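Participant: Sequence:
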Amino acid sequence: MVQRESMEYDVVIVGGGPAGLSAAIRLKQLAAASGSELGVCVLEKGAELGAHTLSGAIMDPRALDELLPDWRERGAPLDVPVTQDRFLFLTQEKALRTPDWLLPSCFHNEGNYIVRLGHVVRWLGEQAEALGVDIFPGFAAVEVLYDAQGAVRGVATGDMGVARDGSHTANYQPGMELLARYTVFAEGARGQLGRELIARFGLDAGRDPQSYGIGIKELWEIDPAQSQPGLAIHTSGWPLDSKTYGGTFLYHLNDNQVALGMVVGLDYANPWLSPFEEFQRFKTHPAIRPMLEGGKRLAYGARAITAGGLLSLPRLDFPGGVLVGCEAGFMNASRIKGSHAAIKSGMLAAQAIHAALAQGRGQDALDGYGQAFQSSWLHEELNRARNFKQWFKKGLPVASFMTFVEQGLLKGRMPWTLHRKQPDHACLRPAAEYERIDYPKPDGKITFDRLSSVFISNTNHDEDEPVHLTLKDPAVPVQVNLAIYAGPEARYCPAGVYEFVKDEAGADALRINAQNCVHCKTCDIKDPTQNIVWVAPQGGEGPVYNGL
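Residue numbers (the UniProt record's numbering): 1 to 548.
Each hint should be verified, as a subset may be incorrect.
To be verified - Lysine-lysine pairs mimicking DSS-like chemistry, simulated, CA-CA at most 27 Å apart:
no.	residue 1	residue 2
1	393	243
2	94	394
3	472	243
To be clear, the hints were calculated from the coordinates, so they are not data collected in a lab.
Only a predicted model underlies this, so the values are computations on that prediction, with no experimental measurement involved.
Could you build all of it, start to finish, from the sequences and the hints given here?
Facilitator: Written out as structure tokens, the structure is:
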């Protein structure tokens, strides 16, 4: 067995997104204010900070105001304030605009900014490095390290240069152990290590099952005549049916650019549904197509998001570490915003860690983090929206009305709480219960196929490395998924990773095109048998998004 080298820090942070970087910045700020020294490092599996960051995104600057009050003077890339909100209900041919006065506060964006979150993340990284944080992009943490008492004592990065058969290539480098008094897990939605920690420590006991959505996004350069910087459009309705949770967004940036996308709840029931094709259909709507005609698609990506809200949040701390950001589920689905919540959660965790370190503690539980969250404005915000996702299980009309009642009329002070009982994968129904959906072929101008989309996501994986999309039982995809659900993995994956083919004997077989994977984690979430387990490939691989 190859001996791994190790490095020791006071705090190791896994994930270089808004939550992880904000935790790092706050730790260094607190250390400087107290005249102490803290060793802090951030591990990021993407090739660079922001490479795997994907979000709509409209950003509420409230948490950033607290973290870095002078962010404007520092040149933060928040330079497109929202100037106009439009909320449309779509039928196949028409778009009905909801009057502004009927929209609850969660759909208003005064004071918020349309951003390219990857650019914000890169800027946060610059602020962290200026404070002395060590940032290591291209290193994927793949193993949680525990001490003899079972507390987390750090993480190990994955080996590099391993061939598909498990042998070591000429480029082999063993992983490294990063040891810490406390470890912050900020991997994003459905993080590989966070999933392990939640199960090991029973952090979700007594909570509602976490709920997820898949977000699919494109960035376009459009005709200058169509450009309206600051315009934010959200839609519900077509092309999704009334029983499927989801909606779309279209945000006008500077430089004649538009970010548009769709979120589909992964608790959908119809196995014939394809979120990717539904998004392509959306762009053909008479209210949307004219904005894109004559334009050029610049970038594409997809990412799972946590949408369960307050009732699905696990316990946030455990011996030796904490969960922050989308790793825990700090996402306000009713506002379609998570970056401000990620930043705030990172700050709260940092404050609890700094206080513990000042007391000489380490590797114990940090219940002060959870207590601080309970008394924060973030808890208050999420509590107001606690029923949002649950109402959508009752259909779009009921959900729309009750969102108006709860957040418009009652201002989030409702005396009732709804709960969910089923995880997303258990909501999928047999294919025989639904009619097959035949999606139109892409035209290559407004609508596109998966492979051309993956190409502009700049995704790359070594073809000879072990497949990072693992199967607990290789027989299940054909014997169960294909036989009962008509092979849904070929449709819910937005990157063409999974396809059913005939083998040499003419029998059905599942082919996994792991090189296409954009690390969205949808397969890990939606697989009806929970047979697919996503694990990190070599560090630095996957998509390289430019400011998505």
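Participant: For each hint, tell me whether it holds in the structure or not.
Facilitator: How the hints compare with the structure:
{"no.": "1", "hint": "393 to 243", "verdict": "holds, 7 Å"}
{"no.": "2", "hint": "94 to 394", "verdict": "holds, 24 Å"}
{"no.": "3", "hint": "472 to 243", "verdict": "violated, 31 Å"}
Checked against the numbered hints listed earlier, the structure breaks hint 3 alone; every other hint is satisfied.
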